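Trainee: For chain A, the structure is supplied; the task is to place chains B, C and D on it using the hints.
Protein chains: 4
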Amino acid sequence: MSGKIRVTVWNEFRHEIRNERVKAVYPDGMHTVIGEGLLETGDFEVKYAWLDKDPEHGLSEEVLQNTDVLVWWGHMAHADVKDEIVDRVQKHILQGMGLIVLHSGHFSKIFRRMLGTTCSLKWREVAEKERIWTVEPAHPIAQGLPEHFELPHTEMYGERFDIPTPKDVVFITWYEGGEVFRSGVTFERGYGRIFYFAPGHETFPIFRDANIRRVIANAARWAAPRIRREITCPSVPALEDIRTKPE
Amino acid sequence: MSGKIRVTVWNEFRHEIRNERVKAVYPDGMHTVIGEGLLETGDFEVKYAWLDKDPEHGLSEEVLQNTDVLVWWGHMAHADVKDEIVDRVQKHILQGMGLIVLHSGHFSKIFRRMLGTTCSLKWREVAEKERIWTVEPAHPIAQGLPEHFELPHTEMYGERFDIPTPKDVVFITWYEGGEVFRSGVTFERGYGRIFYFAPGHETFPIFRDANIRRVIANAARWAAPRIRREITCPSVPALEDIRTKPE
Amino acid sequence: MSGKIRVTVWNEFRHEIRNERVKAVYPDGMHTVIGEGLLETGDFEVKYAWLDKDPEHGLSEEVLQNTDVLVWWGHMAHADVKDEIVDRVQKHILQGMGLIVLHSGHFSKIFRRMLGTTCSLKWREVAEKERIWTVEPAHPIAQGLPEHFELPHTEMYGERFDIPTPKDVVFITWYEGGEVFRSGVTFERGYGRIFYFAPGHETFPIFRDANIRRVIANAARWAAPRIRREITCPSVPALEDIRTKPE
Amino acid sequence: MSGKIRVTVWNEFRHEIRNERVKAVYPDGMHTVIGEGLLETGDFEVKYAWLDKDPEHGLSEEVLQNTDVLVWWGHMAHADVKDEIVDRVQKHILQGMGLIVLHSGHFSKIFRRMLGTTCSLKWREVAEKERIWTVEPAHPIAQGLPEHFELPHTEMYGERFDIPTPKDVVFITWYEGGEVFRSGVTFERGYGRIFYFAPGHETFPIFRDANIRRVIANAARWAAPRIRREITCPSVPALEDIRTKPE
Numbered sequence: 000m001s002g003k004i005r006v007t008v009w010n011e012f013r014h015e016i017r018n019e020r021v022k023a024v025y026p027d028g029m030h031t032v033i034g035e036g037l038l039e040t041g042d043f044e045v046k047y048a049w050l051d052k053d054p055e056h057g058l059s060e061e062v063l064q065n066t067d068v069l070v071w072w073g074h075m076a077h078a079d080v081k082d083e084i085v086d087r088v089q090k091h092i093l094q095g096m097g098l099i100v101l102h103s104g105h106f107s108k109i110f111r112r113m114l115g116t117t118c119s120l121k122w123r124e125v126a127e128k129e130r131i132w133t134v135e136p137a138h139p140i141a142q143g144l145p146e147h148f149e150l151p152h153t154e155m156y157g158e159r160f161d162i163p164t165p166k167d168v169v170f171i172t173w174y175e176g177g178e179v180f181r182s183g184v185t186f187e188r189g190y191g192r193i194f195y196f197a198p199g200h201e202t203f204p205i206f207r208d209a210n211i212r213r214v215i216a217n218a219a220r221w222a223a224p225r226i227r228r229e230i231t232c233p234s235v236p237a238l239e240d241i242r243t244k245p246e
Numbered sequence: 000m001s002g003k004i005r006v007t008v009w010n011e012f013r014h015e016i017r018n019e020r021v022k023a024v025y026p027d028g029m030h031t032v033i034g035e036g037l038l039e040t041g042d043f044e045v046k047y048a049w050l051d052k053d054p055e056h057g058l059s060e061e062v063l064q065n066t067d068v069l070v071w072w073g074h075m076a077h078a079d080v081k082d083e084i085v086d087r088v089q090k091h092i093l094q095g096m097g098l099i100v101l102h103s104g105h106f107s108k109i110f111r112r113m114l115g116t117t118c119s120l121k122w123r124e125v126a127e128k129e130r131i132w133t134v135e136p137a138h139p140i141a142q143g144l145p146e147h148f149e150l151p152h153t154e155m156y157g158e159r160f161d162i163p164t165p166k167d168v169v170f171i172t173w174y175e176g177g178e179v180f181r182s183g184v185t186f187e188r189g190y191g192r193i194f195y196f197a198p199g200h201e202t203f204p205i206f207r208d209a210n211i212r213r214v215i216a217n218a219a220r221w222a223a224p225r226i227r228r229e230i231t232c233p234s235v236p237a238l239e240d241i242r243t244k245p246e
Numbered sequence: 000m001s002g003k004i005r006v007t008v009w010n011e012f013r014h015e016i017r018n019e020r021v022k023a024v025y026p027d028g029m030h031t032v033i034g035e036g037l038l039e040t041g042d043f044e045v046k047y048a049w050l051d052k053d054p055e056h057g058l059s060e061e062v063l064q065n066t067d068v069l070v071w072w073g074h075m076a077h078a079d080v081k082d083e084i085v086d087r088v089q090k091h092i093l094q095g096m097g098l099i100v101l102h103s104g105h106f107s108k109i110f111r112r113m114l115g116t117t118c119s120l121k122w123r124e125v126a127e128k129e130r131i132w133t134v135e136p137a138h139p140i141a142q143g144l145p146e147h148f149e150l151p152h153t154e155m156y157g158e159r160f161d162i163p164t165p166k167d168v169v170f171i172t173w174y175e176g177g178e179v180f181r182s183g184v185t186f187e188r189g190y191g192r193i194f195y196f197a198p199g200h201e202t203f204p205i206f207r208d209a210n211i212r213r214v215i216a217n218a219a220r221w222a223a224p225r226i227r228r229e230i231t232c233p234s235v236p237a238l239e240d241i242r243t244k245p246e
Numbered sequence: 000m001s002g003k004i005r006v007t008v009w010n011e012f013r014h015e016i017r018n019e020r021v022k023a024v025y026p027d028g029m030h031t032v033i034g035e036g037l038l039e040t041g042d043f044e045v046k047y048a049w050l051d052k053d054p055e056h057g058l059s060e061e062v063l064q065n066t067d068v069l070v071w072w073g074h075m076a077h078a079d080v081k082d083e084i085v086d087r088v089q090k091h092i093l094q095g096m097g098l099i100v101l102h103s104g105h106f107s108k109i110f111r112r113m114l115g116t117t118c119s120l121k122w123r124e125v126a127e128k129e130r131i132w133t134v135e136p137a138h139p140i141a142q143g144l145p146e147h148f149e150l151p152h153t154e155m156y157g158e159r160f161d162i163p164t165p166k167d168v169v170f171i172t173w174y175e176g177g178e179v180f181r182s183g184v185t186f187e188r189g190y191g192r193i194f195y196f197a198p199g200h201e202t203f204p205i206f207r208d209a210n211i212r213r214v215i216a217n218a219a220r221w222a223a224p225r226i227r228r229e230i231t232c233p234s235v236p237a238l239e240d241i242r243t244k245p246e
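Chains A, B, C and D, in that order, give the protein sequences.
Counting along the first sequence from 1, when you hit position 136 you're at 135 in numbering that gives the first Met the number 0, and nothing is skipped either side.
Counting along the second sequence from 1, when you hit position 120 you're at 119 in numbering that gives the first Met the number 0, and nothing is skipped either side.
Counting along the third sequence from 1, when you hit position 111 you're at 110 in numbering that gives the first Met the number 0, and nothing is skipped either side.
Counting along the fourth sequence from 1, when you hit position 103 you're at 102 in numbering that gives the first Met the number 0, and nothing is skipped either side.
The following block holds chain A by itself, in its conformation from the complex (with noise of 0.2 Å):
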């Protein structure tokens, strides 16, 4: 037992592989940057998952019920995953585990699960600045984090954003295209935490970016299981007398 939090960075690995452009800034795949900028901390254990890893894209009822909190990238292949992956790992957050997803992760299928809406958005990709500001500074994924930090080149996600109301809405984020967006929000499921942010476009390195290293893990730590524990549906017996009888 380390007393660290035990964190699965599932990552869709096709773009790494197949476009030349992504592999010259994430040569060994998105998830182990993200994982090493989790590591550096000192507080997680990190594995790694991917969509073509094994049959189950390396997401095991094992692997679930090992992992405290699930980091979500993907974005080409969402219709890939299948749909018994998602009602497993749907299953873990809402008994507790927590969920990280990340930029066009909002697509997938766990996302659009866990919230029940489309999470569609306005999108444009021409390498503007996104500067992020934190809205909520006193929540614990905003904790060292500056009034307002930027990313020199994004691809940009404008509102409408189609969430539920979020639980916080910790950071709001301004293009220089001239949108704006809910860029950093939270929701809480079952017994789970989850935490949708928006930066992380795989043609730019922003998963190197020391601020967004700072949002992930803080929200690793925020989103770690409070508790953990089945949901049932059960038939009980009164606690008082019943002196009410029917006709």
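Just so you know, these hints were derived from the structure itself, not from any lab.
Among the hints, a few may not be true.
Identical copies carry no separate label here, and so any pair may be met within one copy or between two of them.
Unchecked claim - The calculated BS3-like cross-link candidates involving lysine-lysine, where the alpha carbons are at most 30 Å apart (straight line), are:
1. Lys52 x Lys166
2. Lys90 x Lys46
3. Lys90 x Lys52
4. Lys90 x Lys166
5. Lys166 x Lys121
6. Lys244 x Lys52
7. Lys22 x Lys244
8. Lys46 x Lys22
9. Lys244 x Lys121
10. Lys3 x Lys244
11. Lys166 x Lys244
This one's a predicted model, so the numbers in the text were calculated from it and none came from an experiment.
Mentor: Chains B, C and D alone, transformed into the frame defined by chain A:
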């Protein structure tokens, strides 16, 4: 054009056929009694649909396009509702259609789809008394309701109810047997509004009760579409000059 | 009985008297122009009140009893509003009256009283461009508004805005100078509804803008009382037999 | 530096002096028994303050600067708390200090100040039984608590409780006499966290109950400052070139 709100009351409609006790209470099906309660206000046009009405459960694309608010009662046959019909209903809710889920509909595919949780709860069927407290008297769904009202015989639904934090908790129930329940709760998903209301067990004449009818009619007015619009995920041009250039 | 919503527009009305630049924009006071925008919809009866109108700032008990929605603009003389008048306005809001707070009213006694926070923000006055994004297009306050609209010259109000988590964030603003702001936010307190809207600097003709007028009129419809009732703290008899006896 | 959370327990401390029945239950004051419950966990440093301790009610600027979490119990003398001390406590909460309000503290100046509402409720004092349901078992304040727990004798506090929609409803109470109550609710204001907990009537030994003590200790851990920082309203220079020029 009547200017009336168009409600489709959907009922599983199997208990009333197979179970003598239920048939005695709702000889023509629960849906007709729910519809009767809506019609007596003069504010609604009511149509009916049920599980075995046709291969689409009476919920064709055309029916849903002409439905402002869908009322849902189901219990023993949730699994028989086809996934493609659930997809279709979800799409219409996100685009603006209202949804009212009654009683055992908490476990319906559509409610769980919209909320992302198990929607589990505790339950007990001993015909005990229920007292419903109006916690938000100013909410449109509480309009004209007293500060509390009673049902002489009810099925108990107790906490913890596995739902996301509601937008509003309009009613909380006290049970004779010792439990409490958030019995009237609202959600917003996409452009649509959702209301869940716990009373409505099939062996009691609950949908003939004046207060219950008022709640459902209020909810149907509240859930009527404010806008009705497709949700898209467009790529958009910049609104401002982009002066940041990638290296 | 006109069936119209009765709005009282309250204006500090000192800038327009003392400052030539403001007088040029609003020769008869900002309140008259705000009122004009409401009147052109045909849905409202409009009255006016201001700080120096009479010893009660035009907000007698009788005026408030006959006000459905109070609109508030103040800036340089927040401290001159008497605490007993603030008490009175608070009482009426909690009992059901609506409140719309505009621009620099974020620092008014009544807004801080209702929210319990400092309502601080960042600001800058360089006549920059503001683009307002409609984040909740289905909200009644967003009815008929485009997905974004612009003000050519505005005072910047930036995050962090020290308010409790709003009920709804209807609008988020993008500023030319690089900030973002939750510029249209709702709250509910007691039986009353509150809307804060950031635009409205005294040196620009913002209250003549068609989109701004539409927002304020929508908000006044939305904030109209649903119920209007005193709030009491009564001792009540038990509804059930108490069988537990103290030792 | 002990690394412990520094709690100041504030008690009105008049009932225990003037009323024999209360003195019998809490001979050294309720605050000492609340403090004892915190101390037995080993996680807290506890100090005490009370209304008549000194002209500042024991809440000097220095005391508050060295308080992480303030616990508040008051009842018969809310009006005797000086407004300037309420201002000071509010300032510290907004800057990050936690606040736990117990039982009749619902009507304290500081609680009403923070929430902006009357905080009214129904009440009855017949020593009835109360059963507290844990509605959010994953919330830090519910850690280690059973799904329900009881108090044999309590004062009834019933809905409607005039508070803004809480951040989380952690506990809901069932009363023998037929009411329900949102008995454990959280709020965030500024950088501070607030927890209200309904049990705690002065004539019953409720603060000696193990479950009640656990709730209060959990709440004190949860409400400890995440950041502590002044809130300002600065004028700031533009981060981007302003190219829009006023006419």
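Trainee: Confirm or reject each hint.
Mentor: Taking the hints in turn, this is what the structure says about them:
no. : hint            : result
1   : Lys52 x Lys166  : neither (34 Å within a copy, 40 Å between copies)
2   : Lys90 x Lys46   : within (20 Å within a copy, 36 Å between copies)
3   : Lys90 x Lys52   : within (21 Å within a copy, 33 Å between copies)
4   : Lys90 x Lys166  : both (20 Å within a copy, 24 Å between copies)
5   : Lys166 x Lys121 : both (22 Å within a copy, 24 Å between copies)
6   : Lys244 x Lys52  : neither (60 Å within a copy, 37 Å between copies)
7   : Lys22 x Lys244  : between (72 Å within a copy, 21 Å between copies)
8   : Lys46 x Lys22   : within (21 Å within a copy, 57 Å between copies)
9   : Lys244 x Lys121 : between (58 Å within a copy, 21 Å between copies)
10  : Lys3 x Lys244   : neither (55 Å within a copy, 41 Å between copies)
11  : Lys166 x Lys244 : neither (43 Å within a copy, 36 Å between copies)
Taken one by one, the earlier hints fail for this structure at numbers 1, 6, 10, 11, listed in ascending order.
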